[in-house]
Amino acid sequence: AQRVTQPEKLLSVFKGAPVELKCNYSYSGSPELFWYVQYSRQRLQLLLRHISRESIKGFTADLNKGETSFHLKKPFAQEEDSAMYYCALGISGGYNKLIFGAGTRLAVHP
Amino acid sequence: GAGVSQSPRYKVAKRGQDVALRCDPISGHVSLFWYQQALGQGPEFLTYFQNEAQLDKSGLPSDRFFAERPEGSVSTLKIQRTQQEDSAVYLCASSLALFQSYTFGSGTRLTVV
Numbered sequence: 001a002q003r004v005t006q007p008e009k010l011l012s013v014f015k016g017a018p019v020e021l022k023c024n025y026s027y028s029g030s031p032e033l034f035w036y037v038q039y040s041r042q043r044l045q046l047l048l049r050h051i052s053r054e055s056i057k058g059f060t061a062d063l064n065k066g067e068t069s070f071h072l073k074k075p076f077a078q079e080e081d082s083a084m085y086y087c088a089l090g091i092s093g094g095y096n097k098l099i100f101g102a103g104t105r106l107a108v109h110p
Numbered sequence: 001g002a003g004v005s006q007s008p009r010y011k012v013a014k015r016g017q018d019v020a021l022r023c024d025p026i027s028g029h030v031s032l033f034w035y036q037q038a039l040g041q042g043p044e045f046l047t048y049f050q051n052e053a054q055l056d057k058s059g060l061p062s063d064r065f066f067a068e069r070p071e072g073s074v075s076t077l078k079i080q081r082t083q084q085e086d087s088a089v090y091l092c093a094s095s096l097a098l099f100q101s102y103t104f105g106s107g108t109r110l111t112v113v
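So the sequences go chain by chain: A and B. Numbering-wise, the numbering used here puts 46 at position 46 of the first sequence, and it's gapless, one number per residue. Numbering-wise, the numbering used here puts 109 at position 109 of the second sequence, and it's gapless, one number per residue.
Accuracy of the hints is not assured; some may be wrong.
Once the Cα atoms are required to be at most 20 Å apart in a straight line, the calculated EDC-like pairs of lysine to aspartate or glutamate come out as [what the hints assert, rightly or not]:
no., chain 1, residue 1, chain 2, residue 2
1, A, 9, B, 24
2, B, 14, B, 24
3, B, 14, B, 44
4, A, 97, B, 44
5, A, 15, A, 79
6, A, 22, A, 32
7, A, 73, A, 20
8, A, 97, B, 68
9, B, 11, B, 24
10, A, 97, B, 52
11, B, 14, B, 63
12, A, 97, B, 56
13, A, 73, A, 8
14, A, 57, A, 81
15, A, 15, A, 62
So, partial list: chain B residues that the calculated Cβ filter (under 10 Å) puts toward chain A [said to hold, decoys possible]:
no., residue
16, 3
17, 17
18, 29
19, 33
20, 40
21, 41
22, 58
23, 87
24, 95
Calculated directly from the structure, the hints in this document are not laboratory data. We treat Cβ as the ideally placed atom computed from N, Cα and C, and that holds for glycine.
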C-alpha cells in the first residue's frame, strides 16, 4: 500500500539548532517525493521536490531509496521556519496524485 | 487570477443539508485536484480533472460527494446530505500541466453541526 509516515507530530527546537523532520514512505513504484509547508494563516505551498535537488530557504532533502526516506534538514533553524511541514509522495499514473503524511509542526524558539 | 481562489472560506451546515464548494483555478491551468483535510491529518486525495474530464474520482468517500468542472475552468465540489464526518477543510489545487507542481487554494472549512 502507498503510505507516507511522519513520526513526529511536533518538533520543538531553539533558534540556531539543527533540524531534521523525518519522512518515510511505502511505494512499489518509482517514487517522487515532495515537502510542502504551511505557515500560520497561509496556504499550503511547495517547499521542495526531490528531482530538483535544490536548497530552498536553507532546507535540503535527500531521497534514500534503500531506507525509503526523504528527511528534511536544515543546519540552523530560524524562528520564521516555524510552520506545519507535510511530506508527500507522488504516485505515477499519468498525473501527480499526492499521498500526504500527517504533518509535523516545527516550533523554533528564540 | 493570481492564485487559486476558493469560496466560501467557511461553511457551517446542518446535518442533512447539501453544500457546494467552489474552486477558481489559475487561468490556463489544465489540471485540477480536490483534497480533503481532516483535523490533525494531511490532505487526502478526492478527485482529479484534466480540463473538463474527471479522470480519477477514486478518493471520493461516498456517492454523496460529486464534483464537476463543466467548462474546464471553475470546479464545484458538491456534498449531499452532509454528515458530521464530512467536517474538514476542502482544498483545491491546480497545475499548468500534468507533472507540474500544484498551487493550492486557501481551502473551505466545512463544519457540519
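Hints and how they fare:
About 32 Å separates the Cα atoms of residue 9 of chain A and residue 24 of chain B, which puts this hinted pair outside 20 Å; it is violated. At most 20 Å may separate the alpha-carbon atoms for a hinted pair to count; residue 14 of chain B and residue 24 of chain B exceed this at roughly 25 Å. Only pairs whose Cα atoms come within 20 Å are accepted, and residue 14 of chain B paired with residue 44 of chain B is rejected, the gap being roughly 24 Å. About 10 Å separates the Cα atoms of residue 97 of chain A and residue 44 of chain B, which keeps this hinted pair within 20 Å; it holds.
With a CA separation close to 6 Å, the supplied pair residue 15 of chain A and residue 79 of chain A stays within the 20 Å bound. The hinted pair formed by residue 22 of chain A and residue 32 of chain A meets the criterion: a straight-line CA distance of about 16 Å does not exceed 20 Å. Distance check on the hinted pair: residue 73 of chain A and residue 20 of chain A sit about 4 Å apart at the alpha-carbon level, within 20 Å; holds. Proximity of residue 97 of chain A to residue 68 of chain B is assessed by CA-CA distance (about 18 Å); at most 20 Å being required, the pair is judged to hold.
Simply put, residue 11 of chain B and residue 24 of chain B have alpha-carbon atoms about 17 Å apart, close enough for the 20 Å limit, and the pair holds. Note on residue 97 of chain A and residue 52 of chain B: the hinted pairing holds, with a Cα-Cα distance of about 17 Å set against a maximum of 20 Å. A C-alpha spacing of about 19 Å is found between residue 14 of chain B and residue 63 of chain B, which places the hinted pair at or below 20 Å, so the restraint holds. Proximity of residue 97 of chain A to residue 56 of chain B is assessed by CA-CA distance (about 10 Å); at most 20 Å being required, the pair is judged to hold.
As the CA atoms of residue 73 of chain A and residue 8 of chain A are separated by approximately 14 Å, the hinted pair is consistent with the 20 Å bound. The straight-line distance between the Cα atoms of residue 57 of chain A and residue 81 of chain A is roughly 9 Å, inside the 20 Å bound, and the hint therefore holds. A C-alpha spacing of about 23 Å is found between residue 15 of chain A and residue 62 of chain A, which places the hinted pair above 20 Å, so the restraint is violated. Evaluation of the residue 3 of chain B hint against chain A yields a held restraint, the C-beta minimum of about 8 Å falling below 10 Å.
Hint on residue 17 of chain B is violated. Least Cβ distance to chain A is approximately 27 Å, over the 10 Å limit. About 12 Å separates the beta-carbon of residue 29 of chain B from the nearest beta-carbon of chain A, more than 10 Å, and the hint is not met. The criterion of a C-beta within 10 Å of any C-beta in chain A is met by residue 33 of chain B, whose closest approach is roughly 8 Å, and the hint holds. Look at residue 40 of chain B: its Cβ gets to within about 7 Å of chain A, closer than 10 Å, so that hint holds up.
The interface hint given for residue 41 of chain B holds, since its Cβ lies 5 Å from the closest Cβ of chain A, which is under the 10 Å cut-off. Because the beta carbon of residue 58 of chain B sits about 9 Å from the nearest beta carbon in chain A, less than 10 Å, this interface hint is met. The closest approach between the C-beta of residue 87 of chain B and any C-beta of chain A is roughly 17 Å, which is over the 10 Å cut-off, so the hint fails. Given hint, residue 95 of chain B at the interface with chain A, holds; its Cβ is 7 Å from that chain's nearest Cβ, closer than 10 Å.
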